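A.B. asks: Given next are the chains, with one letter for each unit.
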Amino acid sequence: MEYVEITKEAEKKGQFAEQMRAFWKVFSIRKTAVFGLAIVCFVILIAILAPLLAPFDPVEDVDYGNRIANPSATHLFGTDEFGRDIFSRVLMGAQVSIAISVSAVTISAAIGIVIGLISGYYGRWVDNVLMRIVDGLMSFPPILFAIALMAALGNNMGNIIVALAVVYAPLFARLVRGTVLSVKNKEYVEAIQVMGGSHIRILFKHILPNCLSPLLIQMTTYFAYAILAEASLSFIGLGVPQPEPSWGNILYDGRQYMLEAPWITVFPGVAIAVTVLGLNLLGDGLRDYLDPRMK
Amino acid sequence: MLSGDLGHSLVSDKEVLTLLWERLPATMALIMYALLISVVIAIPLGIISAVRHNTRWDYGAMLIALIGVSVPNFWAGLLLIMTFSLHLGWFPSTGYVDVTQNLWKHLEHLALPAFALGFLQAGIVTRMTRSSMLEVLKQDYICTIRAKGGTEKVVILKHALKNSMIPIITIIGINFGLLLGGTVVVETIFSIPGIGQLLVQSVFNRDYPVIQGVILCVAVIYVLISLVVDLLYAYFDPKIDYNEG
Numbered sequence: 001m002e003y004v005e006i007t008k009e010a011e012k013k014g015q016f017a018e019q020m021r022a023f024w025k026v027f028s029i030r031k032t033a034v035f036g037l038a039i040v041c042f043v044i045l046i047a048i049l050a051p052l053l054a055p056f057d058p059v060e061d062v063d064y065g066n067r068i069a070n071p072s073a074t075h076l077f078g079t080d081e082f083g084r085d086i087f088s089r090v091l092m093g094a095q096v097s098i099a100i101s102v103s104a105v106t107i108s109a110a111i112g113i114v115i116g117l118i119s120g121y122y123g124r125w126v127d128n129v130l131m132r133i134v135d136g137l138m139s140f141p142p143i144l145f146a147i148a149l150m151a152a153l154g155n156n157m158g159n160i161i162v163a164l165a166v167v168y169a170p171l172f173a174r175l176v177r178g179t180v181l182s183v184k185n186k187e188y189v190e191a192i193q194v195m196g197g198s199h200i201r202i203l204f205k206h207i208l209p210n211c212l213s214p215l216l217i218q219m220t221t222y223f224a225y226a227i228l229a230e231a232s233l234s235f236i237g238l239g240v241p242q243p244e245p246s247w248g249n250i251l252y253d254g255r256q257y258m259l260e261a262p263w264i265t266v267f268p269g270v271a272i273a274v275t276v277l278g279l280n281l282l283g284d285g286l287r288d289y290l291d292p293r294m295k
Numbered sequence: 001m002l003s004g005d006l007g008h009s010l011v012s013d014k015e016v017l018t019l020l021w022e023r024l025p026a027t028m029a030l031i032m033y034a035l036l037i038s039v040v041i042a043i044p045l046g047i048i049s050a051v052r053h054n055t056r057w058d059y060g061a062m063l064i065a066l067i068g069v070s071v072p073n074f075w076a077g078l079l080l081i082m083t084f085s086l087h088l089g090w091f092p093s094t095g096y097v098d099v100t101q102n103l104w105k106h107l108e109h110l111a112l113p114a115f116a117l118g119f120l121q122a123g124i125v126t127r128m129t130r131s132s133m134l135e136v137l138k139q140d141y142i143c144t145i146r147a148k149g150g151t152e153k154v155v156i157l158k159h160a161l162k163n164s165m166i167p168i169i170t171i172i173g174i175n176f177g178l179l180l181g182g183t184v185v186v187e188t189i190f191s192i193p194g195i196g197q198l199l200v201q202s203v204f205n206r207d208y209p210v211i212q213g214v215i216l217c218v219a220v221i222y223v224l225i226s227l228v229v230d231l232l233y234a235y236f237d238p239k240i241d242y243n244e245g
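If you read the protein sequences in the order shown, they are chains L and H. Take 1 as the starting number for the first sequence in the numbering used here and just add one per residue. Take 1 as the starting number for the second sequence in the numbering used here and just add one per residue.
Hints are supplied without guarantee of correctness; some may be wrong.
[Stated by the list, open to error] FRET-style restraints, in silico, Cβ to Cβ: (1) 107/H / 45/L: 38 to 48 Å; (2) 53/H / 25/L: 37 to 47 Å; (3) 274/L / 59/H: 39 to 49 Å; (4) 106/L / 135/H: 26 to 36 Å; (5) 233/H / 72/L: 23 to 33 Å; (6) 74/L / 228/H: 55 to 65 Å; (7) 53/H / 34/L: 47 to 57 Å; (8) 25/H / 21/L: 43 to 53 Å; (9) 193/L / 228/H: 24 to 34 Å; (10) 228/H / 194/L: 13 to 23 Å; (11) 200/L / 237/H: 40 to 50 Å; (12) 25/H / 193/L: 50 to 60 Å.
[Said to hold, decoys possible] In the DSSO-like style, the derived pairs of lysine-lysine whose C-alpha atoms are separated by at most 30 Å in a straight line are: (13) 138/H / 31/L; (14) 153/H / 138/H; (15) 162/H / 25/L; (16) 239/H / 148/H; (17) 162/H / 148/H.
Note that these hints are calculated values from the structure, not bench results. Owing to the predicted nature of the structure, the values given are computational and were not obtained by experimental measurement. Built from N, CA and C at the ideal position, the CB exists for glycine as well.
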């Protein structure tokens, strides 16, 4: 019995490796997609290693004697109005911004998947009720809805994640519901129903895998949107509270010193733009691979 | 609320509806100019990109579009202020003049914020115009028009572009929400007295009736725009008839 299980496991691993090789063969044809993937991996690595890479403490190392200093060998990106090292703040800001965006998109996808699966699979009044709630939530422009939620919840990191998750969950729910509707009447689903498969098993084991391709593409896109949304919220003072660095609130600090210290504004902006660019390129590449009709 | 009474501001004691009426013109002007800038940039870029598919023109246009999609509008706004206001002194960095007071000053004050806001939308619309035009240019009827001796100008502008408009209008409509959201940040940077700035001020003042009023107003505008988009479908594609049972 054990031998059979080990063999099956090895077969599965072999299949996975084979699938990954096939994926890479097609995906790597598009050089821009590979470039996007490289940017995203680089930014995530930087975010993880930020505490080790940052030469100064982004919050505690205040040096009033070195306020608004030009970029130099000691301070690669210069310093801000408190003499804090911008390079260290941008690195730690990457960690904060990426953590918020990844958490928000993961939570919203999880909520959206459950709502979309239930709504699409059960149909009738369940679908009507859930989709009218989703329609209601989608009638607000995302960033304004997030601002309204932040106004009600108060600004801290946890609340930004909650606000962005609530904003993006309906979009995932709609996407998943659409895919479920196109799959649920297929013969193989009916066959499993006839064989006595439970609803949960059908939903999560047989229908959900069909939603994964569009979901993956959408998650990459919303990851980029979430980074922009977090930066926007922090920029207007409703995001990550000071002195904790995030790309948005470093930009907010730099706004008052645009003429004498443009580096405070330029570097975090470049970080946001490059990350979003990488995610867009990666998203385009995934779309071409997973949904060739969209090419 | 259903009778149109949105209450009073907790800070200024003014009626919320009055506050919205005072602030709405600046926001709508900003959005309209941003939309105009985005369409003026995006449609020609998208057409060039599709017609010169897989050439340097295409790559160049797509690079501009990609930068547009990736650059946050508030950062674009700050860079524009740094370059065109603080260094070159061509445009005012902040403030707003109503169109009825001085048209030139009005345009001068809204040029940078409208560009900061419209550039993102331009990126999205360019990409959609390109893919939609590519799709249409492959159709048989385009070959027929060419075979009948239709000039390239007629093929592209009269036939291909018109038939590509439905997805383009859809994406403009969907992203109208992005523009509305973008106004919050852009109005804050450029100190434009619109509903975006009103919302941010109200959030900091915990002025809940105003927050509620602004969100409701924006949602109504958003839904109305979706309706306009639906109605425009019938204009661009006569096969769509809303009177049909």
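A.B. asks: Confirm or reject each hint.
C.D. replies: Now for the hints, and whether the structure bears them out:
Checked against the hint of 38 to 48 Å, the pair residue 107/H and residue 45/L passes, with Cβ atoms roughly 46 Å apart. For residue 53/H and residue 25/L, the hinted distance range of 37 to 47 Å is not satisfied, since their beta carbons lie about 25 Å from each other. Checking the proposed 39 to 49 Å range against residue 274/L and residue 59/H shows it is violated: the Cβ atoms sit about 19 Å from each other. In this structure, residue 106/L and residue 135/H meet the distance hint of 26 to 36 Å, their C-beta atoms being roughly 34 Å apart.
The beta-carbon spacing between residue 233/H and residue 72/L, approximately 58 Å, falls outside the hinted interval of 23 to 33 Å. Under the hint 55 to 65 Å, the C-beta atoms of residue 74/L and residue 228/H, about 56 Å apart, fit the expected range. At about 22 Å, the CB distance of residue 53/H to residue 34/L disagrees with the hint of 47 to 57 Å. Residue 25/H and residue 21/L have their C-beta atoms about 59 Å apart, which leaves the hinted 43 to 53 Å range violated.
Remark: the range hint 24 to 34 Å for residue 193/L to residue 228/H is contradicted by a beta-carbon distance near 44 Å. A hinted range of 13 to 23 Å for the beta carbons of residue 228/H and residue 194/L is inconsistent with their spacing of about 48 Å. A beta carbon spacing of about 43 Å between residue 200/L and residue 237/H agrees with the range 40 to 50 Å that was offered as a hint. Against the hinted window of 50 to 60 Å, the Cβ-Cβ separation of residue 25/H and residue 193/L comes to about 58 Å, which satisfies the hint.
This hinted pair checks out: residue 138/H and residue 31/L have alpha carbons roughly 25 Å apart, not beyond 30 Å. The hinted pair formed by residue 153/H and residue 138/H meets the criterion: a straight-line CA distance of about 16 Å does not exceed 30 Å. About 38 Å separates the Cα atoms of residue 162/H and residue 25/L, which puts this hinted pair outside 30 Å; it is violated. Our distance criterion of 30 Å between C-alpha atoms is met by residue 239/H and residue 148/H, whose separation comes to about 24 Å.
Of the pairs offered as hints, the one joining residue 162/H and residue 148/H holds, with about 19 Å between alpha carbons and a cut-off of 30 Å not exceeded.
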